[in-house]
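**Q** Letter by letter, the chains look like this.
2 protein chains.
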Amino acid sequence: MGRTLTYPKGGSNTVNRYKHRGPVPTILPMIGQMGSFEYPSAAIDEPLECYLHGYVSSRIMNLARSSDKGLPICIAASKVDGIVLSLTPNSHSYNYRSAILHGYANLVTSDEEKVWAMKLITNSVVADRWDNSRVPPDSAEMSSTVILKVTIVDGSGKIRDGGVSDERKDKDNEEVTGRIWTGVVPVWETFGEPVPSAENKVADVPEHIRSYIADKNTKNRAYAEGAVGTELPAEEQH
Amino acid sequence: MGRTLTYPKGGSNTVNRYKHRGPVPTILPMIGQMGSFEYPSAAIDEPLECYLHGYVSSRIMNLARSSDKGLPICIAASKVDGIVLSLTPNSHSYNYRSAILHGYANLVTSDEEKVWAMKLITNSVVADRWDNSRVPPDSAEMSSTVILKVTIVDGSGKIRDGGVSDERKDKDNEEVTGRIWTGVVPVWETFGEPVPSAENKVADVPEHIRSYIADKNTKNRAYAEGAVGTELPAEEQH
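Here the protein sequences come in this chain order: A and B. FYI, full-length UniProt numbering numbers position 177 of the first sequence as 177, with every residue one higher than the one before it. FYI, full-length UniProt numbering numbers position 47 of the second sequence as 47, with every residue one higher than the one before it.
Worth flagging that the hints you see were computed from the coordinates, not collected in a lab. Possibly wrong hints are sitting among the right ones.
Heads up, the list lumps identical chains together, so a pair's fine if it works in one copy or across two of them.
[Unchecked claim] Lysine-lysine pairs mimicking DSS-like chemistry, simulated, CA-CA at most 30 angstroms apart:
1) K79 <-> K216
2) K119 <-> K169
3) K171 <-> K201
4) K216 <-> K169
5) K169 <-> K201
6) K69 <-> K169
7) K201 <-> K119
8) K171 <-> K69
9) K119 <-> K158
10) K171 <-> K119
11) K79 <-> K158
12) K79 <-> K119
13) K216 <-> K158
14) K119 <-> K69
15) K79 <-> K219
Go ahead and model the full structure; you've got the sequences and the hints to work with.
**A** Written as structure tokens, this is what we have:
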């Protein structure tokens, strides 16, 4: 069910020439959700905290515990919405959305905030999943759950959408335009048919799962296809 | 076509309490491809370098140029293969694959290696795209293209696949199992119908694009559905 792989050693990467150097930064895959415990109705365009859940190594926990104002971290997420196929390799691109946040992470210690964050995160897996699972968490679950709350100090997002952008010298070259197809292939995340577990006792896939899948599939596809947009004159592109 | 968004300021994140602290790490979205210029036939299970392409800020370029053995960086990639819906919020999970590499980045300076890396990266967008675009790059394209070559010193990968994992106390509770559906929803990246650009002159979508899309759609779906696998007894899961 879970496997950990390591990078093959040999040749240039086993030499000791880097041994004396300082530590390189580290990135961990985690799931996260934006929210405000203090102002639960705060919208996505208002200041929010980022709640992170996942395997939190004891090293990170210790770092977060031992720093008086939190562990400085960067959070990044990105999604590809399309591949942009143009005349030259250099002008190939991806439609995508990406976001980067900088902030300071602390462990959530209050039970009230922890349950609130667990609900926020569970409902981001599938809408309404919290109320359709066995809640509330018992005391063993409460003590084993680690949630990091990141106070955001700055952040930025980048969106690339639209179509192909080529230079005039290539667009005016009929030998080139006559043989090279240009355009965008939309890319989106599809949610497939739910596969019941061997021990599942509920005959039909519940409505909260069915409607979530249908909604995501419709919206994901519409976004990727919509991101292709209308072609702009080259002067307005870059 | 391109938009940059910034995080809203206000409330807790605008106070000056973090101003005195050291810089937080930074993450950039880039595309990358593994390969070996020295041993082009090296397979994915042999030591390779990672070639990165994307917007390389002058800050990163200057850092890479000014460090004698390269800029220490961490590269991470992850992909979600399914959502794992179990009895309790705590046992919810994702099927996913993730990889993390540590290494030292240097700018590729040799033209021969740069063209080789450009071809490697272009063919990772769509197989065979290099030979189906306007090549070779001209001198202006060669000098404007920046590629980072990362010598890997270590790395690891994690794969979570399989099905639902719940605790005995919940699996034996008929009130719980009688109302909560458990199973996995496979998730995969779908490539849609190509949208030709307004200036495209090639009537039909070429075979190298059609077959790449068909191949990716078949393999992506098969992987996500295959990752659900056969249910294991709880004792073998974690």
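**Q** State for each hint whether it applies.
**A** Structure-based check of each hint:
no. : hint          : verdict
1   : K79 <-> K216  : both (14 angstroms within a copy, 17 angstroms between copies)
2   : K119 <-> K169 : between (55 angstroms within a copy, 21 angstroms between copies)
3   : K171 <-> K201 : between (61 angstroms within a copy, 10 angstroms between copies)
4   : K216 <-> K169 : neither (41 angstroms within a copy, 33 angstroms between copies)
5   : K169 <-> K201 : between (64 angstroms within a copy, 16 angstroms between copies)
6   : K69 <-> K169  : neither (55 angstroms within a copy, 39 angstroms between copies)
7   : K201 <-> K119 : within (24 angstroms within a copy, 52 angstroms between copies)
8   : K171 <-> K69  : neither (55 angstroms within a copy, 41 angstroms between copies)
9   : K119 <-> K158 : both (29 angstroms within a copy, 26 angstroms between copies)
10  : K171 <-> K119 : between (53 angstroms within a copy, 21 angstroms between copies)
11  : K79 <-> K158  : both (11 angstroms within a copy, 20 angstroms between copies)
12  : K79 <-> K119  : both (24 angstroms within a copy, 23 angstroms between copies)
13  : K216 <-> K158 : both (22 angstroms within a copy, 26 angstroms between copies)
14  : K119 <-> K69  : within (25 angstroms within a copy, 46 angstroms between copies)
15  : K79 <-> K219  : both (14 angstroms within a copy, 19 angstroms between copies)
Violated hints for the displayed structure, listed by number in ascending order: 4, 6, 8.
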